[in-house]
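So the number in our numbering is just where the residue sits in the sequence shown, counting from 1, plus 21.
If you are wondering where the hints come from, they were derived from the structure by calculation, not from laboratory data.
What you are looking at is a predicted structure, and each value in this text was computed from that prediction instead of being measured.
Check the hints yourself; a few may be wrong.
With a straight-line Cα cutoff of 25 Å, these simulated BS3-like cross-link-like pairs (lysine-lysine) come out [claimed, not checked]: (1) K139 / K117; (2) K25 / K117; (3) K56 / K25.
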Amino acid sequence: MNEKRSPRIILIGRSTAGKTTLCQRIAKEDLNYHKTQTVQIRNETMIDTPGEYLERRYFRGALMVTAADADIIVLVQDATEPGSMFPPAYSSTFAKPCVGVITKADLATQEQLVRAEKYLNNAGAEEIYTVSSVTGEGVDDLVRRLGFQ
Numbered sequence: 022m023n024e025k026r027s028p029r030i031i032l033i034g035r036s037t038a039g040k041t042t043l044c045q046r047i048a049k050e051d052l053n054y055h056k057t058q059t060v061q062i063r064n065e066t067m068i069d070t071p072g073e074y075l076e077r078r079y080f081r082g083a084l085m086v087t088a089a090d091a092d093i094i095v096l097v098q099d100a101t102e103p104g105s106m107f108p109p110a111y112s113s114t115f116a117k118p119c120v121g122v123i124t125k126a127d128l129a130t131q132e133q134l135v136r137a138e139k140y141l142n143n144a145g146a147e148e149i150y151t152v153s154s155v156t157g158e159g160v161d162d163l164v165r166r167l168g169f170q
């Protein structure tokens with residue numbers, strides 16, 4: 022009997038972008054912030070990475086190696102962040118489907134949301150979802166896209 026497994030995703034983004042909080046929301050766990058120090062696999066489906074892996078160029082190779090175990094790349098951009106760490110066409114590094122997620126929608130202005138979307142488009146995200154892990158806004162659509170039940 023073949024049982025279909027959920028896809029495995031890797032979340033990549035700056036420190037405090039909301040990767041861990043988003044994982045907690047998707048997993049329907051209590052939101053409890055803690056700094057991710059190492060790669061963590063949550064529920065066998067989500068690879069939560071430290072922001073430093075993106076922020077420090079010498080760690081980016083670790084992201085590429087870790088992403089080998091993922092089916093979908095998820096680039097996480099904090100809507101309130103005035104800049105982005107994602108280089109142009111960053112998603113092409115992985116040769117896998119890439120979804121962009123704008124976090125902290127509940128704290129952002131419309132201008133900030135538009136800017137965050139531009140950053141993710143430039144990074145090569147094929148689809149972009151705007152979410153708030155605190156209010157739950159947009160999370161159900163993202164969960165469906167990622168193939169989680």
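Against the structure, the hints:
1. K139 / K117: Within the cut-off at roughly 20 Å; holds.
2. K25 / K117: holds (19 Å)
3. K56 / K25: violated (32 Å)
The structure shown violates just one earlier hint, number 3.
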